[in-house]
Amino acid sequence: MSEVDPSERILNFDEAALGYTEDEAASEAQRCIACKNAPCVSGCPVGVDIPAFLRLLSERKFEEAYAVITETSCLPAVCGRVCPQETQCEGSCTRGRNGDPVAIGGLERFLADRFRDAPLPSEILPAKNRRVAVVGSGPAGLACAGELVRRGYPVTVFEALHEAGGVLAYGIPAFRLPKDIVRREVEKLRALGVEFVCDAVIGKSLHLFELLGEEGFDAVFLGTGAGLPRFLGIAGEGAAGVFSANEYLTRINLMRAYEEGAKTPIYRARHAVVVGGGNVAMDAARCARRLGAEVTVVYRRSEEELPARREEVIRAKEEGIAFRFLASPVEILSENGRVSKICCEEMALGEAEGGRRVPVGTGKLFSIGTDCVILALGTSPNLLAADGLKRGTHGILVDADGRTSMQGVFAGGDAVTGSATVILAMGAGKRAAAAIDEYLSAL
Amino acid sequence: MFEIFRKERLAEGVCRMEVHAPLAARHARAGQFVILRVEEGGERIPLTISAADRARGTISLVFQTVGATTSSLARKACGDKLKGVVGPLGVPTDIRGVHRAIVAGGGVGCAIALPVARELHEAGAEVVSVIGFREKSLVILEEDFAACSDRVIVTTDDGSYGECGNVTAPLSRLLREDFDAVYVIGPLPMMKAVAEATRPYGVKTIASMNPIMIDGTGMCGCCRVRVGGEVKFACVDGPDFDAHLVDFDEIMQRNRTYSDFEAREREKDCRLLRGGNL
Chain A
1 MSEVDPSERI LNFDEAALGY TEDEAASEAQ RCIACKNAPC VSGCPVGVDI
51 PAFLRLLSER KFEEAYAVIT ETSCLPAVCG RVCPQETQCE GSCTRGRNGD
101 PVAIGGLERF LADRFRDAPL PSEILPAKNR RVAVVGSGPA GLACAGELVR
151 RGYPVTVFEA LHEAGGVLAY GIPAFRLPKD IVRREVEKLR ALGVEFVCDA
201 VIGKSLHLFE LLGEEGFDAV FLGTGAGLPR FLGIAGEGAA GVFSANEYLT
251 RINLMRAYEE GAKTPIYRAR HAVVVGGGNV AMDAARCARR LGAEVTVVYR
301 RSEEELPARR EEVIRAKEEG IAFRFLASPV EILSENGRVS KICCEEMALG
351 EAEGGRRVPV GTGKLFSIGT DCVILALGTS PNLLAADGLK RGTHGILVDA
401 DGRTSMQGVF AGGDAVTGSA TVILAMGAGK RAAAAIDEYL SAL
Chain B
1001 MFEIFRKERL AEGVCRMEVH APLAARHARA GQFVILRVEE GGERIPLTIS
1051 AADRARGTIS LVFQTVGATT SSLARKACGD KLKGVVGPLG VPTDIRGVHR
1101 AIVAGGGVGC AIALPVAREL HEAGAEVVSV IGFREKSLVI LEEDFAACSD
1151 RVIVTTDDGS YGECGNVTAP LSRLLREDFD AVYVIGPLPM MKAVAEATRP
1201 YGVKTIASMN PIMIDGTGMC GCCRVRVGGE VKFACVDGPD FDAHLVDFDE
1251 IMQRNRTYSD FEAREREKDC RLLRGGNL
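Taken in order, these protein sequences are the chains called A and B. Taking the working numbering, I'd label the letters of the first sequence as residues 1 to 443. Taking the working numbering, I'd label the letters of the second sequence as residues 1001 to 1278.
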């Protein structure tokens, strides 16, 4: 897939990957060898019939190919862009054993973009009289709402922020996921009959028991995500110029603070140090670069263990972002209340403990001069809405179908698992929708 | 929704507005706040709820024009609509077990202190309110405090009204008597001074923090405050914290993060009002 030249793309927030042309898409789809057991499908958390859409695409039956995807996924333009295909569908692709796997993600994106204005399939089952409230309008909530509305339920989605989309709106930058795509996907659900109520914090403005009581909902789905940022707990973290990646990205993505004339301020650093190695760290680093900073990513393991998607790391490097591996911050120093330096300890990799090798301190210290530190250390579930529900190891406790400890209340996505991926959250939202349907049908 | 039902000037640059926001009014308690957007594309700013009327579905907000967003809010008139109001956010002020309390307010912070005094009064506690201002023309809400306090002491920095000086002098005097708690709401240096004044007496002192915020639900972490060495989020763990444990110096530093931007915006705003070119 062709991409904008790095020297050009660091000048704006436009999408970096350009997408396929018709010819490119059709010929890429022809590379599918239609394996009998379709390992790609078992690699997809929502089970899109990948060989079927690839065959139709290779025959240039674009509309039919798109219909195959939307049968199972209500957010193809999003998934085609931000799913970690390399560990899912493409990771299990037989072609990948010897060369490149079929570019399933890119092809999904091609179809979704081609039909960006087409409505979602609207064969809606006969209307039912039980109402469902969905809390949170991120991937889990949207998938759950989409599935329920197709099953004939009136659905109201409550969103705490002023725009729907959850992490798709506030977290993922426009150069990876243009914001008009998110708005369009939300509009498509609205067109199917989903009602959206923004600026409503469940757990504060309205409580769970009120939704199930006087507000007249028969079931509630909590897709409230993992929004609480972690901090390092080291000295100096409170200085001006130290941000959670959530704050930094929210200012940019949701509040569009990078735009000329924006009312929300954004800190324009000369040099930014981003701490962490996940996708959020890459997003923050690439945003800081676009705002004119020299950027260094500090990660406590080595390059091999970076949890971020490979293609995002490559893009970050192309954009001139430096990496300092095997380094762990010990103190943030400031001058006149503003960050001036970050002091780190050099790390070495020890034994693997249930997966990745554990970094151990060497006692050797070094520091990097900087006027900005962005902490991308992961997030934990925000349980503001989950009052009275039992909690599990990572978040809200649920069974395999998303039932919580309270009757009529279901949950899924990052609120249950801790921070994971868009597609896993969508899968959980869909499964919970089926369980909600079953629950309401039995009432 | 979000229509302005009433607007009233309390002092130079200080305004009270009653806004239709039924979702925020429904559960609003003293000490809680809303996040407000004035215009499409505008900033999200936190403002404390000064009063709530559940029947009318309204909340009252008292604010001082300090930046571009509060200036554009001040320019709105009755009948105008705000773009968004979300709340009530934060944990309500804890008044449990308090029978005798001092409520100390500084400047526009008095608007936030007022509902605390009112709630204490309604719960049957004895309330002494100490409210401080820079000068006479900036004194606000004196009568409102009188209505819910057993005693009201007004101070002005320049002595143009009430006692001369800041609130700490009358506070130290009062603390020779027995009080269960001191609630302090005002500018950070004032709250820090009050915390130092009450510390020797060992009286529980609660400060209402007002750091920078975006979402108000625990998501951005920019409202973090160090309390007793621990990182707390003012939006979900607060905004009230034990004033004797708050690291005021750190939060004062971080509240200046965007001071350059804010100064530029204020400048633009002034030129706009003067009708000059941008």
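Don't take each hint at face value.
Chain B regions said to be covered by chain A (calculated; three or more residues, Cβ under 8 angstroms) [stated by the list, open to error]:
#1 1051-1064
#2 1078-1086
#3 1137-1145
#4 1159-1171
#5 1183-1195
Among the chain B residues that face chain A by a calculated CB cut under 10 angstroms, a handful are [to be verified]:
#6 ARG1075
#7 HIS1121
#8 MET1219
#9 GLY1221
#10 PHE1241
#11 HIS1244
#12 ASP1247
#13 ILE1251
These aren't lab readings, by the way, just hints derived from the structure by calculation. Since the model is a prediction, treat every value here as computed from it, not as a measurement. Beta carbons: idealized from backbone N, C-alpha and C, even for Gly.
Problem set entry | Hint check against the structure, violated hint numbers in rising order | Hints 1, 3, 4, 5, 6, 7, 10 and 11 not satisfied by this model.
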